[in-house]
Amino acid sequence: MQSVIRIILQRLALGLLTLFVVSIVIFTAVNMLPGDFAEAILGQGATPEAVASIRRDLGLDQPPITRYFQWLGGALQGDLGNSFAQANFASFAGADTGVSTTVAQQIAPRFENTMFLAAVTAFIAVPVSLTLGILAALFRNSVFDRATNVTTLTSISSPEFFLAYVLILFLAVLNPVLPSLSNIFDGMSFGERLEKTLLPALTLTLVVTAHMMRMTRAAIINLLASPYIEMARLKGMSPMRVIVKHALPNALAPIINVIALNLAYLITGVVVVEVVFVYPGIGQLFVDSVKIRDIPVVQACCLIFAAAYILLNLLADILSILSNPRLRHPK
Amino acid sequence: MTRISRRGLLKTGAAAGVLAASGLPLRAQQRGGTLRLGLAGANTSDSWDSRTHSDSFMIMAGHGAVFDCLTQVAASGELVGELAESWEASADAVTWTFKLRPGVTFHNGKPFGADDVLESLNMHTAEGAKSAAKPIVENIAEMTKVSDSEVQFTLKAGNADFPFLLSDYHLCMFPAGQIEEAIAQGIGTGLYKVESFDPGVRVLLSRVDSHYKDGEAGWFDSVEMIAINDASARMNALMTGQVDAVNRVDFKTEPLMRANPMINIFEVTGNQHFTFPMLTNVDPFTDLKVRQALKHAVNRQELVDKILLGHGAVANDNPIGPANQYFADDLEMNDYDPDKAASLLREAGLDGLSIDLSAANAAFPGAVDAAQLYQASAKAAGININVVQEPDDGYWSNVWLKKPWCACYWSGRATEDWMFSTAYEAGVPWNDTGWENARFQELLLTARAELDSDKRREQYREMQMLVSKEGGTVIPMYANFVDAHSTKLTNSGTIGNVFQMDSSRLIERWWFA
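Protein sequences, first through last, are from chains A and B.
According to my numbering, the first sequence holds residues 1 to 331 in order.
According to my numbering, the second sequence holds residues 1 to 513 in order.
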């Protein structure tokens with residue numbers, strides 16, 4: 001068990017380092033984009049005086065290195081700063097109107113929504129892909145196996161927005177069973193929220209199922225040639241029992257890895273789906289913020305995305321270690 | 001008001017009037033129901049501070065429902081009082097006296113009066129405030145409270161349009177002494193009060209119990225405004241019946257929506273226009289003949305057909321549009337005429353012409369394609385246009401006002417004077433052509449203070465002619481405001497054309513059939 005804790009600590013330290021590097025990369029990348037917040041927000045009204053005044057108010061006139069360390073200093077103390085958009089409003093009014101919010105306040109409800117969508121999707125996608133994977137391995141090379149493969153591969157090869165529109169066409173326009181608009185908001189009951197979230201969740205399920213299902217199938221088939229499986233078969237076990245009881249536990253490690261990777265995708269890769277369904281998640285906020293070069297919000301979103309990847313991968317590794325006695329007790 | 005079909009309008013090139021595509025019979029208004037709107041133009045940085053409003057979502061929520069201005073432009077285009085009952089001017093249009101409507105209260109119960117007017121207008125000139133309506137308020141030399149229900153303005157220079165300017169959507173009335181609170185919570189005098197506000201996502205409004213517009217406007221019990229910036233998602237929401245009306249119809253899916261019997265498309269030609277400004281102080285655009293040659297080298301109808309897909313009207317290099325009072329639609333047309341363009345070039349002593357045209361879709365949707373069509377049509381006149389595709393980012397800072405010839409758009413202004421003094425008066429920062437014309441300057445000042453409507457019409461006509469013939473801007477087209485609604489909704493049959501969604505007042509003016 002001690003080795004597991006050591007691994008966790010090591011990985012967390014490395015994760016922090018990764019986050020630091022990510023923040024530098026994002027900051028540099030956003031700064032290299034043409035135009036800055038002042039120019040983006042003013043658009044046609046970008047007179048030199050107005051641009052200069054907004055830059056002065058937001059401290060954009062300082063050299064990038066200074067700005068980065070100011071931000072980093074705040075972030076280390078848990079203060080992700082104020083979004084430019086909100087800060088700019090305070091200065092528009094000539095005084096603080098009391099509506100200005102911190103980045104954390106702005107992101108929190110959106111992140112909650114994204115997590116809800118990810119959870120609903122995972123709740124559908126993981127059992128479905130595991131079942132399909134196991135059944136495909138059981139009936140490999142049958143019509144069922146081929147049909148499952150073709151369907152899932154088709155859905156993963158199509159762009160997300162296309163899948164979204166196909167689902168809208170069939171489930172919202174032709175057979176109006178689900179709403180095409182996922183505008184969830186505070187104060188909705190869980191049932192309503194779930195109903196509104198179902199279409200985006202189904203779209204994402206179609207996107208992530210192929211990967212998980214095929215990995216399950218491959219990992220199990222890989223093991224089916226092993227002597228101990230043959231032994232089990234010779235004992236006269238049913239094929240289903242052989243797979244679920246004997247093959248699956250040993251195939252868990254790669255499957256968990258793939259599931260973790262796809263869960264991370266559900267948090268970080270939902271931008272397009274959120275836009276199509278008007279789902280108020282973090283992806284939409286991220287896109288809006290990049291458009292207006294609102295660096296504090298972009299930074300915070302990226303850190304969340306990176307942290308999600310790091311933590312889920314860590315979780316996957318730990319679970320694979322725990323699922324495999326050989327890794328649990330290294331020589 | 002005459003009804004003209006879109007095709008008919010295009011054929012004649014006439015751009016006047018309101019196009020009500022719905023053609024619904026007039027029905028008696030009735031109260032009730034929840035209106036659900038799916039709207040583009042929302043941002044996470046939105047607030048109830050009307051000084052910052054610039055996009056359709058907050059304009060509709062603020063000026064169109066929660067707040068009132070002193071005056072408003074009725075659907076017919078006529079100026080009527082909103083919080084002001086009546087007004088009168090001195091003969092030189094310098095001193096204006098406004099009588100305020102009695103018995104009006106804000107949503108928090110505070111009565112509306114002269115102090116609110118003074119303080120609300122002063123917000124725009126406050127130290128450090130960056131209001132788009134600052135120029136309007138800055139022209140007020142003195143504001144005096146005559147009584148609780150009367151305000152007198154003394155202007156720095158006479159302006160006959162002053163009451164018109166007060167209808168601007170930035171100049172909403174806030175409760176004096178509680179402005180910060182009102183901005184935070186959205187407390188106005190409008191027909192609808194704010195129930196909940198999630199910036200960039202959703203606004204929920206409910207009808208106030210009694211209002212001075214009772215019987216004239218405000219038919220819905222409550223309104224839900226949903227931010228849907230993605231065009232396909234917005235169209236889907238209307239097609240699947242999850243919202244009752246949407247703004248900015250996607251031209252590509254417009255035929256599909258038109259085919260749906262449950263949906264009506266309504267479009268109006270307003271003042272929004274797309275332009276190609278040339279810097280008239282940079283060669284070769286210093287030469288009037290070159291500018292005129294370029295004006296005759298563009299096939300305007302082709303641009304309307306291919307860039308706007310028919311949702312617009314041909315413009316005659318005139319920034320004043322059909323939604324303006326003194327729009328001159330009978331000026332001699334700058335037709336597409338390659339021979340004339342070529343001969344104008346010869347008169348300028350040039351044998352062919354080779355110039356750069358900078359464009360990016362940030363200027364207006366389809367600007368790059370429009371520049372390429374321009375290039376093709378100009379070739380016949382021996383003009384070689386080199387289209388330079390600029391990046392969208394930083395377009396307004398790095399290209400517009402900097403490159404000798406580029407693409408640009410204007411949403412138009414409610415009055416002639418406002419439009420001209422924003423972009424055509426000599427020396428103003430947004431004069432994007434650097435054009436200076438002595439006669440034009442003289443007329444601008446005279447017409448501004450002229451109270452006689454007939455004389456003004458004559459003066460503005462001459463100014464429009466000057467800009468069209470001699471100015472540095474090629475204005476090939478007016479772009480329509482194209483919106484759509486479910487057939488469950490209905491309206492009086494007259495749709496405002498100052499802005500999209502019935503001049504952004506659909507919430508007040510429409511009702512469920």
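It should be emphasised that the hints constitute simulated quantities derived from the structure, not laboratory data.
For each residue, glycine too, the CB sits at the ideal point set by N, CA and C.
You may find that some hints are simply not true.
Derived CB-CB ranges, DEER-like [to be verified]: (1) B:D369 with A:N141: 25 to 33 angstroms; (2) B:L331 with A:L33: 39 to 47 angstroms; (3) B:A91 with A:A52: 40 to 48 angstroms; (4) A:L327 with B:S222: 40 to 48 angstroms; (5) B:G349 with A:V25: 54 to 62 angstroms; (6) B:A380 with A:Q70: 39 to 47 angstroms; (7) A:P64 with B:K488: 30 to 38 angstroms; (8) B:K99 with A:P64: 52 to 60 angstroms; (9) A:M188 with B:A376: 50 to 58 angstroms.
For the hint 40 to 48 angstroms, verify it against the beta carbon of A91 of chain B and that of A52 of chain A. About 43 angstroms separates the Cβ atoms of A91 of chain B and A52 of chain A, which means 40 to 48 angstroms holds.
Would you say the C-beta atoms of D369 of chain B and N141 of chain A sit inside 25 to 33 angstroms of each other? 52 angstroms, violated
Given the hint of 50 to 58 angstroms, check if M188 of chain A and A376 of chain B actually sit that far apart at their C-beta atoms. 53 angstroms, holds
40 to 48 angstroms as the expected CB spacing between S222 of chain B and L327 of chain A, which holds or is violated: 60 angstroms, violated
Looking only at beta-carbon atoms, does the pair G349 of chain B, V25 of chain A fall within the given range of 54 to 62 angstroms? 56 angstroms, holds
Against the range 39 to 47 angstroms, how does the distance between the Cβ atoms of A380 of chain B and Q70 of chain A compare: consistent or not? 58 angstroms, violated
Honestly, do L331 of chain B and L33 of chain A meet the 39 to 47 angstroms range at C-beta? 44 angstroms, holds
Does the Cβ pair P64 of chain A, K488 of chain B satisfy 30 to 38 angstroms? 54 angstroms, violated
Taking the CB of K99 of chain B and the CB of P64 of chain A, does the distance hold inside 52 to 60 angstroms? Once the Cβ atoms are compared, 56 angstroms apart, the range 52 to 60 angstroms for P64 of chain A and K99 of chain B holds.
Of the numbered hints listed earlier, those contradicted by the structure are 1, 4, 6 and 7.
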